[in-house]
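In order, the protein sequences belong to chains B and L. Take the first sequence: its letters are residues 1 to 492, numbered as in this note's numbering. Take the second sequence: its letters are residues 493 to 800, numbered as in this note's numbering.
No wet-lab data here; the hints were simulated from the structure. These numbers come from a predicted model, not from an experiment.
In silico DSBU-like cross-links for lysine-lysine, where the CA-CA straight-line distance does not exceed 35 Å:
{"#": "1", "chain 1": "L", "residue 1": "K618", "chain 2": "L", "residue 2": "K633"}
{"#": "2", "chain 1": "L", "residue 1": "K594", "chain 2": "B", "residue 2": "K72"}
{"#": "3", "chain 1": "B", "residue 1": "K440", "chain 2": "B", "residue 2": "K386"}
{"#": "4", "chain 1": "B", "residue 1": "K79", "chain 2": "L", "residue 2": "K594"}
What follows is a set of in silico ranges between Cβ atoms, one per label pair, in the way DEER data are often shown:
{"#": "5", "chain 1": "L", "residue 1": "V585", "chain 2": "B", "residue 2": "L270", "range": "42 to 48 Å"}
{"#": "6", "chain 1": "B", "residue 1": "G395", "chain 2": "L", "residue 2": "W617", "range": "55 to 61 Å"}
{"#": "7", "chain 1": "L", "residue 1": "W768", "chain 2": "B", "residue 2": "S127", "range": "53 to 59 Å"}
Glycine residues also receive a C-beta, built at the ideal position from the N, C-alpha and C atoms.
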Amino acid sequence: MTEIFRTEGLSVRFGALAAVDGMDLSIEQGSIHCVIGPNGAGKTTLFNLLTGTIRPSAGRILFRGEDVTGLKPHELARKGIARSFQITSIFPELTVRENLRLAARAGRATDPEARVREVLEEIELASKASVLAGFMSHGDQRHLDIGIALATSPALLLLDEPTAGMPPHETEGTVALVRRLRDQHGYTTILIEHKMDIVMSISDRITVMRSGRKIAEGTPTQVQADPAVREAYLGGVDASLSAKAHQAGAATEPGPPLLTLEGVSTSYGLSQILHDISLTVRGGEIVALLGRNGAGKTTTLRTIMGLLPPRRGTIRFDGHDITRLSPEGVANLGVGLVPEGRRVFANLTVGENLLLPFFMSGVPAVERTSQLRRCFEWFPTLVQRKSNRGDRLSGGEQQMVAIARAVVGRRRFLMLDEPSQGLAPRVVNHLAEIILEIRKQGVTVLLVEQNARMALEIADRAYVLEDGRIVHEDAAAVLRENPAVLGKHLVM
Amino acid sequence: MRSILALAVLLAVAPLLIVPLGGYHALLSEMVIFAVFAIGFNLLLGYTGILSFGHAAYFGLAGYTMGLLLIHSDLPLWAAMLAGVLAAGVAAVIIGLLIIRKAGIYFAMLTIAFGQMFFFVAMRWKSVTGGEDGLSDIPRKTLFGLDLSSPVRFYYFTAVVCLAAAVVAWRVIHSSFGDVLRAIRENEARCAAIGYDVRRYKLASFVIAALFAAVSGTLYVLLLRYAFPQTMDWIRSGNVVVMSLVGGLGTFSGPIVGATLVTFLNNYISFHTRYWQLVMGVVFVVFVMFFPRGIAGYVLEARRRFRR
Numbered sequence: 001m002t003e004i005f006r007t008e009g010l011s012v013r014f015g016a017l018a019a020v021d022g023m024d025l026s027i028e029q030g031s032i033h034c035v036i037g038p039n040g041a042g043k044t045t046l047f048n049l050l051t052g053t054i055r056p057s058a059g060r061i062l063f064r065g066e067d068v069t070g071l072k073p074h075e076l077a078r079k080g081i082a083r084s085f086q087i088t089s090i091f092p093e094l095t096v097r098e099n100l101r102l103a104a105r106a107g108r109a110t111d112p113e114a115r116v117r118e119v120l121e122e123i124e125l126a127s128k129a130s131v132l133a134g135f136m137s138h139g140d141q142r143h144l145d146i147g148i149a150l151a152t153s154p155a156l157l158l159l160d161e162p163t164a165g166m167p168p169h170e171t172e173g174t175v176a177l178v179r180r181l182r183d184q185h186g187y188t189t190i191l192i193e194h195k196m197d198i199v200m201s202i203s204d205r206i207t208v209m210r211s212g213r214k215i216a217e218g219t220p221t222q223v224q225a226d227p228a229v230r231e232a233y234l235g236g237v238d239a240s241l242s243a244k245a246h247q248a249g250a251a252t253e254p255g256p257p258l259l260t261l262e263g264v265s266t267s268y269g270l271s272q273i274l275h276d277i278s279l280t281v282r283g284g285e286i287v288a289l290l291g292r293n294g295a296g297k298t299t300t301l302r303t304i305m306g307l308l309p310p311r312r313g314t315i316r317f318d319g320h321d322i323t324r325l326s327p328e329g330v331a332n333l334g335v336g337l338v339p340e341g342r343r344v345f346a347n348l349t350v351g352e353n354l355l356l357p358f359f360m361s362g363v364p365a366v367e368r369t370s371q372l373r374r375c376f377e378w379f380p381t382l383v384q385r386k387s388n389r390g391d392r393l394s395g396g397e398q399q400m401v402a403i404a405r406a407v408v409g410r411r412r413f414l415m416l417d418e419p420s421q422g423l424a425p426r427v428v429n430h431l432a433e434i435i436l437e438i439r440k441q442g443v444t445v446l447l448v449e450q451n452a453r454m455a456l457e458i459a460d461r462a463y464v465l466e467d468g469r470i471v472h473e474d475a476a477a478v479l480r481e482n483p484a485v486l487g488k489h490l491v492m
Numbered sequence: 493m494r495s496i497l498a499l500a501v502l503l504a505v506a507p508l509l510i511v512p513l514g515g516y517h518a519l520l521s522e523m524v525i526f527a528v529f530a531i532g533f534n535l536l537l538g539y540t541g542i543l544s545f546g547h548a549a550y551f552g553l554a555g556y557t558m559g560l561l562l563i564h565s566d567l568p569l570w571a572a573m574l575a576g577v578l579a580a581g582v583a584a585v586i587i588g589l590l591i592i593r594k595a596g597i598y599f600a601m602l603t604i605a606f607g608q609m610f611f612f613v614a615m616r617w618k619s620v621t622g623g624e625d626g627l628s629d630i631p632r633k634t635l636f637g638l639d640l641s642s643p644v645r646f647y648y649f650t651a652v653v654c655l656a657a658a659v660v661a662w663r664v665i666h667s668s669f670g671d672v673l674r675a676i677r678e679n680e681a682r683c684a685a686i687g688y689d690v691r692r693y694k695l696a697s698f699v700i701a702a703l704f705a706a707v708s709g710t711l712y713v714l715l716l717r718y719a720f721p722q723t724m725d726w727i728r729s730g731n732v733v734v735m736s737l738v739g740g741l742g743t744f745s746g747p748i749v750g751a752t753l754v755t756f757l758n759n760y761i762s763f764h765t766r767y768w769q770l771v772m773g774v775v776f777v778v779f780v781m782f783f784p785r786g787i788a789g790y791v792l793e794a795r796r797r798f799r800r
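Please model the entire structure based on the sequences and the hints provided.
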């Protein structure tokens, strides 16, 4: 076996965050090498490093024995490294043939038209060669995205979630394509993929990432058996949390349904993300919404918030039909959303961030002060940080600010999108306690989490999403003790 | 090539039509001259998707350079024009290299800044540029022995240049180079990811547009026999953006339609009211809000539908 590509200690930092940290990769010629890991593990950042979109802060990249570290995207492309994109990246107002011709010419094909014909056959779009790319179905556009990379006749193909947002029957076609490229044409492929059945069936080798680091590597069988991998996907909690959670949990008695979704379906453009979602959150509950990356968790929250109106179904909150309500309208009913990645305003101080919800709502100054005081009572660590700018806070502190900002101003219902992402275990514990405290104050919580263990410790009930459908619903205490369900839907 | 033929015919018969329409031959020349400017600018804005508010700088720089050479030297007209265009080209390469890595609003602001630098040099450097008064009485020499003194003759000279400019633009648009420009407009990141050095193509597009502006600028100064600082003001740069939008961005005939129409309307309305800029502003707003694809954009679509 010959090695075609390797990285040595490849790292990049964004401020305090080590997005990719000391990655060593070695890719065999003619193999399919999968990179997997939970959301935020640094997989796409790794691809951006490998294709020159981001410059590494340390480490080397070697392609066919040549040091290519620090080359620009177009230079790497000319060396023979081609990529497809997680979010479809094509030339929408050009025809399929023009899309491929541009790439074939860029790849210095001796006969660009012949190369275009070959690729058209390969990606099964020959019959649509003259169609404007932007008018095709999502699945066809995904294939064209791969086709553009192929048309440059690369020596190494990097595919970033090629089946993202595809229904099962289209997924099969893509998997067959990737397999064919290896078996019939000898292509070397590095693949980021979340659908575990695909990963297991197609990969020669798998690298598992978490928090920017490689935590496991090997054949599919080896990786599947690795306890560190299971840990990475389910997350972890301190034993002390369990006791606190049970103490806190015993005090509450769920009230009548506060939020109800009935048969909700949502689409992004052409791809349908949510299929017929029905769920209920009762007053005073903490409900967890679990699922792998891309299962539709964030989309569910955005749909409830009114940021993404559903195609079908109804959403009711506290007796109001909020299906077609604007985000402001939903917020004014007392619904708060803490988005993924926290989105604390970097240029504003902690105090200013917290006061933001009041600027628009005409709250009298006295009320504002009392709300702010309440906020600092809940989050005492923020008091000393009051005058610090948002970008001078640690990840944990930013998360506190984001939550505090969402609960001030009389929110009754709080939706949290992956609050534990990127936080140290100790901080995750503290965060869990805060969520319990918020509930104690009478706020109902819908919690989206990758850290299933933490979520199930503090939640009353949980729903499990897969491919945009609810596949399981249970009391958190029951689900916690059900490794079969957790493994099937959340791990691999 | 049918568009080119149609343009040739139109340019040939235009002098017969302009007088009944309430115009005059010098106005016709002005319309055609701005068409040259807009044709080049369309390659930058319409095809590559780069917004510049500073291309009047090259329009004016070429005009001033040519004017100075005609006044102070014995160079023949063609050589003075060429020198003006080359000077503008060199300036565009230098400025382009400095600013092309910026994108969007930052790029647009930098183009204004550099454009205004030229404007202020023309205003302040009195001993050479004549300051606010500009350069007047620029001789309109013969071109290869051809006398250009009559308005009709001068018009046909600008018409030939305009036709040549349209042919060059046609070839650029229908070349593989033109395909890459369009690809940059559609999706710059992907364009780089398949191996195109996006910055070089953007710079080339920037400079080509500047060369068209320069040719247009030399003709304009020759038409008026007068060069003045306002030729390079950013308002003139903005004017060519308006022409491109009204005509239809990224269409071959759009800039020609837009430039001639806007120039004609400017002239016509300013003859009737002092508030002509207000009227033009309203026209612009209406186009941006309700007809964002411009006149040519809608004509093309209507034709496509009709054929189906």
